[in-house]
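J.: Now for the letters of each chain:
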Amino acid sequence: MDTVYHSIIEALIFSSDEPIPSKMLIDAIKGLDGSDIAITTEDIEESVDSLNKRYDSESRSFSIVRLAGGYVFATKPEYAKYLGYLATEKSKRRLSAAALETLAIIAYKQPITKPEIESIRGVNSDSIIATLLEKTLVTITGRAEKIGRPLLYGTTDEFLKYFGLNKLSDLPKPREIEEILNDEDFIEQKRKLLMSEIEENIEKDIESGAGESQNQ
Amino acid sequence: MDTVYHSIIEALIFSSDEPIPSKMLIDAIKGLDGSDIAITTEDIEESVDSLNKRYDSESRSFSIVRLAGGYVFATKPEYAKYLGYLATEKSKRRLSAAALETLAIIAYKQPITKPEIESIRGVNSDSIIATLLEKTLVTITGRAEKIGRPLLYGTTDEFLKYFGLNKLSDLPKPREIEEILNDEDFIEQKRKLLMSEIEENIEKDIESGAGESQNQ
Amino acid sequence: MYKIKLELFEGPLDLLLFFIKRDEIDIYDIPISKITSEFLEYVNLIKYLDLEIAGDFILMASTLMHIKVRLLLPREIDERGEEIDPRAELVSRLLEYKRFKEMSEDMSILEANQRKVFFRNNYLYDPVERPPELETLLRNVSVYDLAKVFKKVIENNKPIPVHEIKKIPVSIEDQINFINTRLESHSELHFLSIVDDIREKIRLVVTFIALLEMVKMGRLGIRISENFNDFILYKIQ
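Protein sequences appear in the order of chains A, B and C.
Taking my numbering, I'd label the letters of the first sequence as residues 1 to 216.
Taking my numbering, I'd label the letters of the second sequence as residues 1001 to 1216.
Taking my numbering, I'd label the letters of the third sequence as residues 2001 to 2237.
Hints listed in this document are in silico derivations from the structure and should not be mistaken for laboratory results.
Just so you know, these numbers come straight off a predicted model, no measurement behind them.
Careful, some of the hints might be misleading.
[To be verified] Using C-beta positions, here's what the derived DEER-type ranges look like:
{"no.": "1", "chain 1": "C", "residue 1": "E2076", "chain 2": "B", "residue 2": "G1148", "range": "25 to 35 Å"}
{"no.": "2", "chain 1": "B", "residue 1": "P1115", "chain 2": "A", "residue 2": "E78", "range": "53 to 63 Å"}
{"no.": "3", "chain 1": "A", "residue 1": "E78", "chain 2": "B", "residue 2": "D1017", "range": "20 to 30 Å"}
{"no.": "4", "chain 1": "B", "residue 1": "P1115", "chain 2": "C", "residue 2": "E2076", "range": "23 to 33 Å"}
{"no.": "5", "chain 1": "B", "residue 1": "T1003", "chain 2": "C", "residue 2": "S2092", "range": "50 to 60 Å"}
[Unchecked claim] Now the stretches of chain C that chain B is said to cover, found in silico as 3 or more residues with beta-carbon under 8 Å:
{"no.": "6", "segment": "2053-2063"}
{"no.": "7", "segment": "2100-2111"}
[Claimed, not checked] A short, non-exhaustive set of chain B residues, derived as facing chain A with CB atoms under 10 Å:
{"no.": "8", "residue": "S1007"}
{"no.": "9", "residue": "I1008"}
{"no.": "10", "residue": "L1012"}
{"no.": "11", "residue": "M1024"}
{"no.": "12", "residue": "I1029"}
{"no.": "13", "residue": "D1033"}
{"no.": "14", "residue": "T1075"}
{"no.": "15", "residue": "E1078"}
{"no.": "16", "residue": "Y1079"}
{"no.": "17", "residue": "K1081"}
{"no.": "18", "residue": "L1086"}
{"no.": "19", "residue": "I1140"}
{"no.": "20", "residue": "T1141"}
{"no.": "21", "residue": "G1142"}
{"no.": "22", "residue": "L1152"}
Idealized CB from N, CA, C, for every residue including glycine.
Kindly generate the complete structure, drawing on both the sequences and the hints.
T.: In structure tokens:
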């Protein structure tokens, strides 16, 4: 096998969605360069071994490993602490889907109590609310005038800043989102309505031979 | 900066699923090895340059690129045909002319409202904007301070990544209207110029019969 | 045949630019009459073929007809005494649109270029979990802090007047069980969330003592919660 295929195999393993099996590597190469190219599973193995040797001698921080019947890149264990640090920092920084959901409920329904949030989400939300409080995206705004006087939650100025809003009423209305996103029927209806209106006007224009200034 | 950090920086960039900003790299290193370690954005830049030189001399199929304000590993264009062979149908689909046109307007005029986009394009743009939102190439950035308080749209980091840009100002500037009038042939010239500058590799690919998979 | 051709146009402005380029028209001197009749031919076709964009084409048709009429009338004069060309607004719209159409072509090249680039997808690494260290977690947490939070909770409960005197059956044992039960479903709990539902002062006091007892037995850890006057309890295995 031509050594030019080392790099191609490397690129394929690098960009694959899943650990990539030898067969797929061979398919891709034969699919493009012709099925008559002699390339076997053993060639792939040798190629990977030779790549790994290069990585070692060049002290790369990654290498190719075999996993689940395929090949995949892996960073070397000695760097794990740095990557772990980054992962931890990232998860601290990024809002989870659950947190975002809770934040959205609080933003749109505020002021709202914990039991109300939980009845909307259908799950206990203690720790998520705690996280949002810690990140100062929500705050306690008072107590509800009902039995047990539960705490009321609302969003903070930090929340507005984070989402680039001047005030709470700047939040996109659920109706607007619906309109923008998947309400194809709505858009179609609106268009038909507009069409017939415009057509009527034009017909009038044509009949009278002169366009009145409807556009100005 | 100690050259041992070259490998750590390499591992950190390699492990990140999204372009990782210098600051995050510095934070991870200082977070683990002590905040007194002298390491700057320039050190990171030098480190990345030196890593890329090594990859070139070792004929690696990938290198580190600057994208959307961060660093990320990416394959070199000459491997595109092999990688495209295995890519899913969905990822092969290009943006429509209408989507590109709308993106150009949003990118250059942001923050911009839907009516403003539609008045430039001359056509209803509901479904195009919905598509761009779903592809996370644009997002809602707030509301305009005008009657009806319409939603404002702007581009995302995904937009930068999709077009291979590090920052918004890397976008080609639209020509001034005067310039368009004065030089009708300029469009052709500019296209040729741009082609020869950044498309050298692609042209080679096209000549060799590659890069056709996108039309499948 | 026509449909295929029509789909090449993004909208009415695009179609007008096509006429202008094809006929090498001076954009500042558009023959409105000629272009309008040609435009209307397309509109008639589009009405039956492509509902999606027909409305916008019809709107442009009416704009063109309006300009045509205004051209026949005596010219309007602007504040500087200059004649207003009824076509001027359309021309500036066409030019503005043209700018972005050009830019979108540049972007299409960038897109094609970037589509040749692939990113690292799946990969492996062994994350090193950083075990929470008690020294770190309990740093700056003193008994004073505990007492302060506790006092705050008690004070917050003050507004509820109790008119009835009744014996409240509660023991430290009960409250240890109570805390344990709560901790079964959560690895961490905010102190406030445990005592939030407790209304009786005596039960609060007993719960707090139970909590201190559990810390003493080494079954419970405490750390301060940032930005909030509260603390977090967690199980020690």
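J.: Evaluate each hint against the coordinates.
T.: Right, here's what the structure says about each hint:
The supplied range of 25 to 35 Å is met by E2076(C) and G1148(B), whose beta-carbon atoms lie about 30 Å from each other. The supplied range of 53 to 63 Å is met by P1115(B) and E78(A), whose beta-carbon atoms lie about 57 Å from each other. For E78(A) paired with D1017(B), a C-beta distance near 21 Å keeps the hint of 20 to 30 Å intact. Separation of P1115(B) from E2076(C) is about 26 Å and conforms to the stated range, judged on CB atoms against 23 to 33 Å.
Taken as a hint, the range 50 to 60 Å holds for the pair T1003(B) and S2092(C), whose Cβ atoms sit roughly 58 Å apart. Beta-carbon proximity to chain B at under 8 Å applies to 4 residues in the segment 2053-2063 of chain C; the threshold of 3 is reached and the given coverage holds. Evaluation of the coverage hint for the segment 2100-2111 of chain C: fulfilled, as 12 residues show C-beta separations to chain B shorter than 8 Å, against a requirement of three. With a cut of 10 Å, the hint placing S1007(B) at the interface with chain A holds, because the nearest CB-to-CB distance is about 5 Å.
Taking 10 Å as the C-beta cut-off, the interface hint given for I1008(B) holds, the closest approach to chain A being about 6 Å. The interface hint given for L1012(B) holds, since its Cβ lies 6 Å from the closest Cβ of chain A, which is under the 10 Å cut-off. Taking 10 Å as the C-beta cut-off, the interface hint given for M1024(B) holds, the closest approach to chain A being about 7 Å. Taken as an interface hint, I1029(B) checks out: its beta carbon lies about 7 Å from the nearest beta carbon of chain A, inside 10 Å.
At about 9 Å, the closest approach between the beta carbon of D1033(B) and any beta carbon in chain A falls short of 10 Å, and the interface hint on this residue holds. For T1075(B), the interface hint holds, the least distance from its beta-carbon to any beta-carbon of chain A being 5 Å, beneath 10 Å. With a least beta-carbon distance of about 9 Å to chain A, the hint placing E1078(B) at the interface is held under the 10 Å criterion. Given the 10 Å rule on beta carbons, the hint for Y1079(B) holds: about 4 Å separates it from the nearest Cβ of chain A.
About 6 Å separates the beta-carbon of K1081(B) from the nearest beta-carbon of chain A, less than 10 Å, and the hint is met. A distance limit of 10 Å between C-beta atoms decides the matter here; for L1086(B) the minimum to chain A is near 5 Å, and the interface restraint holds. Look at I1140(B): its Cβ gets to within about 6 Å of chain A, closer than 10 Å, so that hint holds up. Evaluation of the T1141(B) hint against chain A yields a held restraint, the C-beta minimum of about 6 Å falling below 10 Å.
The interface hint given for G1142(B) is met, as the beta carbon of that residue sits about 5 Å from the closest beta carbon of chain A, less than 10 Å. For L1152(B), the interface hint holds, the least distance from its beta-carbon to any beta-carbon of chain A being 9 Å, beneath 10 Å.
Violated hints: none; the structure is consistent with every hint.
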